[in-house]
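Colleague: The chain contents come next:
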Amino acid sequence: MSQGRNIGPPLMNLLNLRGLPILQQLHLEEQLLRTSSENWCILNDGTNAPTVVMGIAGKPSELLELEVVMEDQIPVVRRFTGGGTVIVDSGTIFATFICNKDDVHGVQPYPRPIMHWTSLLYMQVFQGTADFHLRENDYVFGNHKFGGNAQSITKNRWVHHTSFLWDYEVKNMAYLKLPTRAPEYRSARGHTDFICRMKDYLPKSEFFEKTIASVGSHFSLRPIKLEAVEASMTAFTHSTKLLSKQELAEALGSHPDYKADRVQL
Amino acid sequence: MAMRVWASSTANALRISCAPKSSLYPSFSLSKCFSTVLDGLKYSTSHEWVKHEGSVATVGITAHAQEHLGEVVFVELPENGASVSKGRSFGAVESVKATSDVNSPISGEVVEINSALTEKPGTINSSPYEEGWMIKVKPSNPAELDSLLGPKEYTKFCVEEDAAH
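The listed protein sequences derive, respectively, from chains A and B.
Numbered per UniProt numbering, the first sequence spans residues 1 to 265.
Numbered per UniProt numbering, the second sequence spans residues 1 to 165.
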């Protein structure tokens with residue numbers, strides 16, 4: 001007669017944060033991906049200061065209006081995941097899943113299956129609220145983007161993170177150039193015609209409650225404090241980095257339209 | 001060594017549903033169930049290939065891997081002279097907003113990198129076994145090749161892995 005086994009859902013640590021600097025969040029994610037063997041859900045309600053965040057392949061001269069970025073001293077981060085460039089601030093909500101591939105059954109560790117799985121999670125969050133879709137790797141209401149996704153996949157683990165536009169300041173969009181590579185559904189729309197604010201669709205508390213509930217339907221959630229996580233971490237070399245003023249200046253200098261007398265460094 | 005093309009098992013492929021599990025997947029034709037697997041190479045379970053010729057082993061990712069990854073838009077490679085370890089990441093590719101580690105099937109020293117991939121990362125998709133090679137390694141322990149999969153074993157592995165999801 002076989003003994004009963006606890007074969008409940010896999011465990012996932014839940015980190016509920018508010019205003020954590022995005023560089024610190026990305027460092028945390030990268031280290032947890034590479035050094036932890038546990039599953040993690042990280043929710044961060046806003047970041048402390050407007051920051052440009054590029055994907056791993058991001059070239060500042062191609063993606064940013066560098067002169068105004070440097071004049072306004074906006075930090076520029078190159079993250080460890082793929083994808084495009086965003087400007088994040090206190091109106092951005094961040095949601096991250098770091099998972100062992102074997103704990104997410106039926107999902108191969110490739111970009112599209114992972115993206116599909118996370119979109120189903122969010123389908124539960126937005127059901128009955130809005131016309132939510134995953135569209136060409138973006139989260140949209142109708143044909144307006146409100147969430148950008150990026151991923152990093154290792155042999156046995158992956159991270160999927162999203163920056164949700166809870167609210168945004170139109171003036172911050174001026175730091176970003178129109179990307180040369182854009183999804184078809186964007187149809188050459190400018191920033192403000194392309195994106196929308198999540199706050200126009202549902203209350204913030206509802207988003208967080210439903211997200212946690214949706215994740216909780218797949219995992220056994222264990223709330224944990226950031227201090228406890230950081231206390232257990234050892235030295236780690238991150239690839240995510242804050243670009244220096246020197247690097248930004250060199251990028252600006254390398255741009256064919258740059259005129260040396262226009263910007264004081 | 002002459003190259004022979006092994007296709008994934010036809011019988012197994014026909015028993016595998018290639019239909020998308022939801023409308024969010026693009027539809028696949030039956031031909032996409034076949035991943036090219038070449039004779040003369042060895043394969044890892046993380047979908048890299050290695051071709052050992054004399055004192056140099058050439059490494060890349062398989063046709064199966066590039067099909068699942070999607071269009072590669074960026075490649076990160078180590079520097080010449082860097083050490084690589086069997087089973088550990090030596091670089092990454094970016095596709096569909098994701099960076100994916102590429103793991104070395106063998107240990108050794110990088111003696112050449114495919115710099116052409118910087119300008120044309122899509123070569124990995126169009127020619128994964130030829131122009132899309134990633135690094136050349138001087139193996140420190142050629143016996144490591146013995147534990148890798150041959151073409152038949154790798155084909156079977158891919159079919160079983162896809163069927164399990």
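Just to be clear, a hint being listed does not mean it is correct.
As the list claims (entries may be wrong) - Derived contacts from chain B toward chain A, CB cut-off under 10 angstroms, selection only:
(1) SER46
(2) ASP101
(3) ASP162
It should be emphasised that the hints constitute simulated quantities derived from the structure, not laboratory data.
Even for Gly, the Cβ is constructed at its ideal location relative to N, Cα and C.
Colleague: A separate judgement is required for each hint: does it hold in the structure or not?
Modeller: Comparing the hints with the structure gives:
1. A cut of 10 angstroms between beta carbons decides the hint on SER46 of chain B: the least distance to chain A is about 5 angstroms, and the hint holds.
2. Checking ASP101 of chain B against chain A: minimum C-beta separation of about 5 angstroms stays under 10 angstroms; hint holds.
3. Interface hint status for ASP162 of chain B: upheld, as the beta-carbon distance to the closest one in chain A is roughly 8 angstroms, under 10 angstroms.
Every hint from the earlier list agrees with this structure, and none is contradicted.
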